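Colleague: Start from the sequences, fold in the hints, and give me the full structure.
Numbers 1 to 491, taken from UniProt numbering, label the letters of the sequence shown in order.
Computed list of lysine to aspartate or glutamate pairs in EDC-like fashion (alpha-carbon distance at most 16 Å, straight line):
| # | residue 1 | residue 2 |
| --- | --- | --- |
| 1 | 409 | 473 |
| 2 | 176 | 149 |
| 3 | 461 | 435 |
Hints were generated in silico from the structure; no laboratory data involved.
Computed from a predicted model, the values in this text were never measured in an experiment.
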Amino acid sequence: AAIYIKAPTLTHATRIMSKVTQPKLHIEYAKRCEKENLYEDAAKSFELGRDMDNVVRLCLDHLDQPERASEIVRATSSSTGAQLVALYCQRERNYRGAIEFLLLAQCSEEAFSLARDHDCMDVYTTVLGETMGPDDAANTGSYYEAKHDMGKAGHFYALCGQHAKALKLFLQCGDKEVERAIEVVGKARNDMLTHTLIDFLMGETDGVPKEPFHVYRLYLALGNYAQAAKTALIIARQEQDGGNYFQAHNILHETIRQLGEQRTRVPLSLRRPFTLLHSYLLVKKRIARDDHAGAARLLLRVAKSISKFPAHMVIILTSTVIESARAGLKKSALEYATVLMRQEYRAQVDSKFKRKIEGLVRRPNREELPEPVSECPVSGILIPVSCLECPTTKDALPMCIVTGQHIVKDDCCICPNSLMPAIYSEYVKFLEFEDNKAGRGGSNGEYLGPDPVTGKPVNSKDLQKLAAEEVADLVERYNQSKELKEKNTKT
1 AAIYIKAPTL THATRIMSKV TQPKLHIEYA KRCEKENLYE DAAKSFELGR
51 DMDNVVRLCL DHLDQPERAS EIVRATSSST GAQLVALYCQ RERNYRGAIE
101 FLLLAQCSEE AFSLARDHDC MDVYTTVLGE TMGPDDAANT GSYYEAKHDM
151 GKAGHFYALC GQHAKALKLF LQCGDKEVER AIEVVGKARN DMLTHTLIDF
201 LMGETDGVPK EPFHVYRLYL ALGNYAQAAK TALIIARQEQ DGGNYFQAHN
251 ILHETIRQLG EQRTRVPLSL RRPFTLLHSY LLVKKRIARD DHAGAARLLL
301 RVAKSISKFP AHMVIILTST VIESARAGLK KSALEYATVL MRQEYRAQVD
351 SKFKRKIEGL VRRPNREELP EPVSECPVSG ILIPVSCLEC PTTKDALPMC
401 IVTGQHIVKD DCCICPNSLM PAIYSEYVKF LEFEDNKAGR GGSNGEYLGP
451 DPVTGKPVNS KDLQKLAAEE VADLVERYNQ SKELKEKNTK T
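Modeller: Written as structure tokens, this is what we have:
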């Protein structure tokens, strides 16, 4: 083959090159082909000889195949090939392409200049991505600051550690960049920056107090979980007072989850309002399954704290009466029917239910079906299923997120989404019901449905029963009495 390649013509070499395996011979053949203006054959032989830079050169200079050249360079990350493509792109005034390949060729200064001069900084930042160094980030921040794009400028100053400058620019954007400002202050852990942001959030800077949720996020970012918990309670209370139960429920769960992830004690002052809200939000799910007794017990729990639901007091009390009557809890139905017939509530009762409620009061029936019982996970004695306190030790009992009942020691699991406890068998039944409702019907004993806290999909196969000692540990952690651990309490 070597002799044929050097021959005056390539006729004989061409016939045998398919049988040649040595890269060096393919490269020599490719060079001869190029001299003969056989550019496609030359490119194929350079490729067989693993000389991809020359393939790129031929694609650009002779074959009019810039896309092929670009794909080769992206695959090989060849610096030489990248420079060739970058030069080609510049000749074609394709500055976005030139920037990409200059960066692949490690020519970042030239790429930055091109991006600056031709307003293509988005390409520059996208290609660099997570590999952007401090100097590149500072230059990019300066570029966007000159363009008066303060949000982007702040982002890149934050990347290179210029936290004070980043915060200043974020705050110039008002509410738009509050989350980024919080992120910067959380990373900086600098008292001056923290107080600057707090002043902004409290309205000291512009006279406009920001949403309390931002203060909550700031405390989380700083690792001040005690203050985060207190702020979450304030926000949740405001949302709950306004009838925004899902929002209140979400922020309480998010805070409980955050504290749990940091192995920080979750105070009962945070758990109790979550338990109450979740109980109310479970009612519709229990009614959908014709579990009127379960729905009634949940509503009775809520009704005992009805002052915490000022936006829907009459509606909730009405539901309590109706569900209690359906469940055979006549005494409880009578108790709250009597409340609804008071002067301050009577006019607000829905006309559809008023006559029935009046009838319950006129013809009082004090029969009450006994509540089912199950073992207390602490003392082991039988207690009502809706009881959330051990009668012996007064320990708070974790609530099942599916039924609203207390958990039991031999049938407990943790939801993989919300990381909250549930009665295992009840969770599987719930998922089976949701799976059938969605028309899937389950397969191989597996059921898919939304978890009752976050609404995210959960598969029954991902539920694992806890051992008795794990349940005991769960209850102990639920009742921890030590002070909240704080990573950083400086505010």
